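Read off the chains here:
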Amino acid sequence: MSQRSERRGIHVDQSELLCKKGCGYYGNAAWQGLCSKCWREEYQKARQRQIQEDWALAEKLQREEEAAYVSSHSSSQTQPPQSHSQPSLATFSKFEEKKTNEKTRKVTTVKKFFSPSSRTAPKKVPPEKESEKREKEKEEKLQGRRESHGETLLRDLKGIFTQPWDMGSPTEESHEGKTPSPSITRQSSIETDRVSRDFLEFLKTLQKPGREIHKQSRAFIESMGNKKDLSAEELSECVQDFYQGMSDRLLNHFKGSSEKVDRVMDQVEKYIMTRLYKSVFCPETSDDEKKDLATQRRIRALHWVTIQMLCVPVDEEIPEVSDSVVKAITDIIEMDSKRVPRDKLAFITSCSKHIFNAIRVTKNEPASADDFLPTLIYIVLKANPPRLQSNIQYITRFCNPSRLMTGEDGYYFTNLCCAVAFIEKLDAHSLNLSPEDFERYMSGQASPRRQDDPAAWLQSGSRVNPALSQIHHNLSVLSNLEKRQQQVMEGAQSLQTELAEWQDSVAREVQEILERYPLEIKSRASAIDAENVENDRLPPPLQPQVFAG
Amino acid sequence: MAAAGGKTYSFKVVLLGEGCVGKTSLVLRYCENKFNDKHITTLQASFLTKKLNITGKRVNLAIWDTAGQERFHALGPIYYRDSNGAILVYDVTDEDSFQKVKNWVKELRKMLGNEICLCIVGNKIDLEKERHVSVEEAEGYAESVGAKHYHTSAKLNKGIEELFLDLCKRMMETAQVEERSRGNGASQTSTARRGVQIVDDEPQTAMPAGGCCTSG
Numbered sequence: 001m002s003q004r005s006e007r008r009g010i011h012v013d014q015s016e017l018l019c020k021k022g023c024g025y026y027g028n029a030a031w032q033g034l035c036s037k038c039w040r041e042e043y044q045k046a047r048q049r050q051i052q053e054d055w056a057l058a059e060k061l062q063r064e065e066e067a068a069y070v071s072s073h074s075s076s077q078t079q080p081p082q083s084h085s086q087p088s089l090a091t092f093s094k095f096e097e098k099k100t101n102e103k104t105r106k107v108t109t110v111k112k113f114f115s116p117s118s119r120t121a122p123k124k125v126p127p128e129k130e131s132e133k134r135e136k137e138k139e140e141k142l143q144g145r146r147e148s149h150g151e152t153l154l155r156d157l158k159g160i161f162t163q164p165w166d167m168g169s170p171t172e173e174s175h176e177g178k179t180p181s182p183s184i185t186r187q188s189s190i191e192t193d194r195v196s197r198d199f200l201e202f203l204k205t206l207q208k209p210g211r212e213i214h215k216q217s218r219a220f221i222e223s224m225g226n227k228k229d230l231s232a233e234e235l236s237e238c239v240q241d242f243y244q245g246m247s248d249r250l251l252n253h254f255k256g257s258s259e260k261v262d263r264v265m266d267q268v269e270k271y272i273m274t275r276l277y278k279s280v281f282c283p284e285t286s287d288d289e290k291k292d293l294a295t296q297r298r299i300r301a302l303h304w305v306t307i308q309m310l311c312v313p314v315d316e317e318i319p320e321v322s323d324s325v326v327k328a329i330t331d332i333i334e335m336d337s338k339r340v341p342r343d344k345l346a347f348i349t350s351c352s353k354h355i356f357n358a359i360r361v362t363k364n365e366p367a368s369a370d371d372f373l374p375t376l377i378y379i380v381l382k383a384n385p386p387r388l389q390s391n392i393q394y395i396t397r398f399c400n401p402s403r404l405m406t407g408e409d410g411y412y413f414t415n416l417c418c419a420v421a422f423i424e425k426l427d428a429h430s431l432n433l434s435p436e437d438f439e440r441y442m443s444g445q446a447s448p449r450r451q452d453d454p455a456a457w458l459q460s461g462s463r464v465n466p467a468l469s470q471i472h473h474n475l476s477v478l479s480n481l482e483k484r485q486q487q488v489m490e491g492a493q494s495l496q497t498e499l500a501e502w503q504d505s506v507a508r509e510v511q512e513i514l515e516r517y518p519l520e521i522k523s524r525a526s527a528i529d530a531e532n533v534e535n536d537r538l539p540p541p542l543q544p545q546v547f548a549g
Numbered sequence: 001m002a003a004a005g006g007k008t009y010s011f012k013v014v015l016l017g018e019g020c021v022g023k024t025s026l027v028l029r030y031c032e033n034k035f036n037d038k039h040i041t042t043l044q045a046s047f048l049t050k051k052l053n054i055t056g057k058r059v060n061l062a063i064w065d066t067a068g069q070e071r072f073h074a075l076g077p078i079y080y081r082d083s084n085g086a087i088l089v090y091d092v093t094d095e096d097s098f099q100k101v102k103n104w105v106k107e108l109r110k111m112l113g114n115e116i117c118l119c120i121v122g123n124k125i126d127l128e129k130e131r132h133v134s135v136e137e138a139e140g141y142a143e144s145v146g147a148k149h150y151h152t153s154a155k156l157n158k159g160i161e162e163l164f165l166d167l168c169k170r171m172m173e174t175a176q177v178e179e180r181s182r183g184n185g186a187s188q189t190s191t192a193r194r195g196v197q198i199v200d201d202e203p204q205t206a207m208p209a210g211g212c213c214t215s216g
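Each protein sequence line maps, in turn, to chains A and B.
All the letters of the first sequence, read from the start, carry residue numbers 1 to 549 under UniProt numbering.
All the letters of the second sequence, read from the start, carry residue numbers 1 to 216 under UniProt numbering.
In short, the hints are calculated from the structure, not lab data.
Every value quoted in this text rests on a predicted model; they were computed, and no experiment measured them.
Glycine residues also receive a C-beta, built at the ideal position from the N, C-alpha and C atoms.
Don't take every hint at face value.
[What the hints assert, rightly or not] Heads up, simulated DSBU-like pairs for lysine-lysine below, C-alpha to C-alpha not over 35 angstroms straight-line: (1) Lys425(A) <-> Lys57(B); (2) Lys50(B) <-> Lys363(A); (3) Lys255(A) <-> Lys57(B).
[As the list claims (entries may be wrong)] Which chain A residues face chain B? A few, computed with CB under 7 angstroms, are given here: (4) Glu284; (5) Tyr411; (6) Cys417.
Isolated chain A (complex conformation) (with noise of 0.2 angstroms):
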């Protein structure tokens, strides 16, 4: 009785307090008064079944499914004049098989390239081969499909999605070999595709020398599959020779002039690159990546730099200057997306233009380079692109080195190397900062803005950034439209109470008058025509006449 008392604030029983299944352990609330062991087998149980009903739903749905799409197609095989009745399901059908042929397609000139009748004489495919075949696949396909459901054309379609990478050549691996996820191998398979397509079209106006050119690049390519464990040096190397010895053969053999030579290793270097992209861009074999991210990190800590202290001459204020500048900034990130160390060179050299025209625009005259370089710093600053050192690497080891030396794109090339080596070594003394400030800045204890008072950090924000300054610009405009908002309600609303006011006085009048004059109607004694009694030859009122139809 007294250990009842003690217990009285709980108000629970100690059986209360114990599994509902009668295990002897506590149970919890959370678990719906089970125990934890017990909770779990009835959770994994509950759990179970919902899985096996959400089965058997989605296998009732495609069971309906199935049966209306076969229903509907042998209603169409043997009454085809009627698919017009359904033209949705006719249309599906129909985009159905353009999905499969483009595979097919796909397929087929994966195919072309790799096997290795294609690889022995490149050129003896001919074009109706290819379409004889697809079009028999086609018939294929819908033949499959008439005669059974959408299971055999599910397999038919894994059968194409698998068939490909099932029948790679080795050469294959070796490319794409470095991918690791199918959708992106596929992507990348299509582009190289596209590439190789362009390849040949190209190489055929070249007649002879294009066969040449094609086989030896083929034979190059594949020899490189070989090498994988080289260095990124010894590969760059084997790039080059091959450059260099497909030049002079063209020079020298088929005496191409320098500017149609120069023109033929561009397709060259975009074949082979590439081919060759997954493979040597940033690899394995190199430190590529550790110095990728030590750049990146470098950036990211130098965040602090300002215009002004590094003594760009371009002003953001400018509308069209800041444009420039968010040009340049998308186009140096841009380079990262692209294979062809050529493209990439183009993307430096639009960044380049940009920066020319924002430094233009601002100091209206030409820039020079004592003005480049700091903006091309700013910009790389600003922009942190992706896998810097990899790109730069990248394209120093595989771009042709007529390009990358004496061309317009050399220069702009040089200037980003340039920044680069400048944002790796930069210190206190090439900002004009003062040591201490420099170390302050790095490790984060300070911030140059932030060093004034906070109104004028704010004035200095909307000063340094142009898209602040718009914001405050934004927020009054909007504040102003709200004030004018809440007038126009107040007059509607003062509008109203007066209309409805006028409704009442309005009400009011007709009541009075009504009241003075009231209404009366004097009942007549006669009916309308009592005084024409002497009328009365007069003909009967006119009887209105139906006429049918």
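For this one, chain A is given, so just place chain B on it according to the hints.
Just chain B, lined up with the frame of chain A:
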């Protein structure tokens, strides 16, 4: 480097010198024949090309401007590797800028040896009255390091045409000597190989590597 079967020469020329000595004006005067003009058509004056015809030989000149600020001094080697000629500009009214030129010359000779043709240019001779670098000193120094000295004025368009023409002729001579000293077939491969290897290197390592590669 001589390219394309010896018929057309492509030369890379770097423009070195402190900021404000008039590098940009010099090259704009040469390529566009304009000075401080609002009608300059080019978007930029940092990379300019010029096609020349010297004694029946075609020459493509690519002029690389470099950032002259002191803080970018260390980046010099990245700019001037593989160049055939260097134009070192100083301001005749500015003693300091001449000292900078001396530094550049030392560096260039160390990195690129005697393969590079050096031109030392005293610009702004229209300000003769304020001259701080004596003619004798400058010309004596140029001779001592195997460079040619020129006096120019971008403002008055004096001496610029001669400077570039002279430089081109000297670069052609150097290229021809180089070509003769090597076999014809081997030269092309080795030229390209040399360039590739230098470009491959990191900026820091490029300094010693550049020296040894270009000497061979």
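- Task: Report the numbers of all earlier hints that the structure fails to satisfy, in ascending order.
- Result: 1 and 4
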